[in-house]
Amino acid sequence: MTVVHDNLEKTEAKMRAKDVSVYYGAKKAIDDVSIDIPTEYVTAFIGPSGCGKSTFLRTLNRMNDTIPSARVEGSIELDGDDIYSSGMDVVQLRARVGMVFQKPNPFPKSIYENIAYGPKIHGLAEGKDELDAVVERSLRRAGLWDEVKDRLQDSGTALSGGQQQRLCIARAIAVDPEVILMDEPCSALDPIATAKIEELIDELNGRYAIVIVTHSMQQAARVSQRTAFFHLGKMIEYGRTTDIFTTPLEQRTQDYITGRYG
Amino acid sequence: MSPLILLLLAIGLGLVGWLAGRARAWSFRKSGPTRLASLPNYHGWYVALWIAIPVLIFVAVWSAIAPELVMQHVLAQPAAADLPAFGFQRQTILNEARAVATGDAMGVFNAEARGLVEPFREAIGRYDIVGIVVALVIAFAAGAFSFLRLRPDFRARNRVEKSVMAILLVASLVAILTTLGILASLVFETVRFFGMVSPLDFLFGTFWSPDPMSNAANPDGSRYGAIPLFWGTIFIGAIIAMVVAIPLGLMSAIYLTQYAPGRLRTWVKPALEILAGVPTVVYGYFAALTVAPFIRDLALAAGMSNPSSESALAAGLVMGVMIIPFVSSMADDSIAAVPAAMRDGSLAMGATHSETIRRVLVPAALPGIVAGVMLAISRAIGETMIVVMAASTAANLTANPLEAMTTVTVQIVAMLTGEGSFDHPATLSAFALGFVLFMVTLALNFIALRVVKRFREAYE
Ligand SMILES: Nc1ncnc2c1ncn2[C@@H]1O[C@H](COP(=O)(O)OP(=O)(O)OP(=O)(O)O)[C@@H](O)[C@H]1O
Ligand SMILES: [Mg+2]
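Which chain is which? The protein sequence lines are B and C, in order.
Under my numbering, the first sequence has 666 at position 191, and the numbering climbs by one with no breaks.
Under my numbering, the second sequence has 301 at position 195, and the numbering climbs by one with no breaks.
Honestly, the hints are just simulated from the structure, not real lab data.
Not one of these hints is a red herring.
In silico lysine-lysine, DSBU-like type, Cα no more than 30 Å apart, as pairs:
hint : chain 1 : residue 1 : chain 2 : residue 2
1    : B       : K709      : B       : K485
2    : C       : K559      : B       : K578
3    : C       : K559      : B       : K584
4    : B       : K502      : B       : K578
5    : B       : K624      : B       : K595
6    : B       : K671      : B       : K578
Only a predicted model underlies this, so the values are computations on that prediction, with no experimental measurement involved.
Full structure from sequences and hints, please.
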């Protein structure tokens, strides 16, 4: 079962997964995972390819609902409410738990419209001035404002890859979520763009609960304070990032972070 | 000699060449340790192509000129001396004699033809032999030339590949040249028409009533105003039909790509495509016999005093149904081409499925959808059968869909099948109309293709 380090500070869990299993048809992709996601820290999911990191991440905002064969067991709570209960509105849930994808996926609309999209559908801004303010605030938080403030009407797809990814983060921030899920947000970016995103994650840390899936050990070490190691659908070990990387308790974790497999 | 036999001859000779070339290549392989630069099959193909292509070219040329040579020969005979000097009768007699000589007809009708049968038979026989001999000589010369070029290190494969490419090129040129030919003939007749009727009268006049019986030398330009036709065409094909086809096509595409369960999709999509395969004349019946009377009854019930039994509405509605598949299949393709990441991105923002469709998928797919609509419009305005059967031939410049209207295509049919002589401006006006139609559909297709191309690039 999961080895959880016992030196963790007591924290309030923003999200709490209990005994979660995920199936694609008959195939089990996530096997009995329990984890608390705190607000104060950035949580990193690491593990070899195909171990179920994305699958688990997507259960946290029910993006798995879009895959017909996917089925989730167990319970996941957001501030104590089960997100898979019938009373939970998926639209509300996703407004509270935002997501940034591996490949930047700005809509083929203007930069402004990309950011305004969420506030518009959720009715978060009244009138043009308020919307303008939301757009500016989101872009500022994503560290993109200075680069795009003179070309808000240009297409979002005309930005560079790194800018596009920050645009996607700004888009997620614009609806004022409580949790931001990021699935390998830098894997399509060069080192400089990656550094910018990591800086941004650092700045967002504390304001939002952040979960990041990454294949880069260094990145996990740089941006996260908590790390969960996944292997073959199971969560093997969970603890402080420094501990996981320096004194892992499990052999498999040790093997993975020293690059012996995966 | 029928071209078919010459064709078979060419293929047969090619086969012989193939076998010979291959055998020669095999013998190289046996006789020495050298590696062949190309496989024996390619040597065979090389010889075969060298034989078949010249022979085929000769056959093509020969079947074009042989009948003329035969004719010259027959006309030089004494029996041809007392033929009527010229015109229709002379032609009939000659054709009859030729038909009897080739066995296509059993007996002659005109007595004069009887004496010509024998000369025809003799000439045809002679030129057949000439044709075969020349074909054989060509085949032998080309075959020998290519056969002798074979060497172990001969790159037969490269040559064969090149000829294959050339053959494909010629095949694609046929379509292009045909298009150009059509265009040229249209332009030619159109210029003749505009020599008689001013283009200004034609393009901007609002009264259309050509009289095929009028004096061809001095046509009345004011009767050739095509505006009512253009309007009818646009009203029926681009307005009424699109009001039907765009919403229905788009909605069915959205349903099929976004909501339909897999099994339903496998049924509905082919069913829609069958709609595209229904012969337009069947739609024409439907429009003329079912929809038009129904609309007329409705108009009567609504209190119109004397509604026309042929209405623009009937033709337009049915045409709209006909082109639903064009709109929906293009829309379907372009919505499906929007990357799934776009959809996920929107759903992850908390947008509902229908918000995602409305605000992200359809706008992203819009260029493709627009292109589909343009192709559909160009289909609709070129459509003939439905409007011939259900719309009227009376030109009428009105915006009332319940009234009879005519279209460019209807008038093309009417003018070409009318009783005017071929060089009468009324008849020639069909070509000018066809030319305008051709240019408009060409422009629509061109723009649509450009739009689609830009759209594809945006997602690659
Ligand atoms: N839509 C799907 N349908 C069926 N099986 C799936 C689907 N998506 C993922 N899987 C399977 O679930 C398992 C976990 O996949 P997942 O994408 O979560 O892995 P991952 O850890 O994110 O891998 P990577 O690091 O390569 O992104 C894999 O075995 C994968 O084949
Ligand atoms: Mg993944």
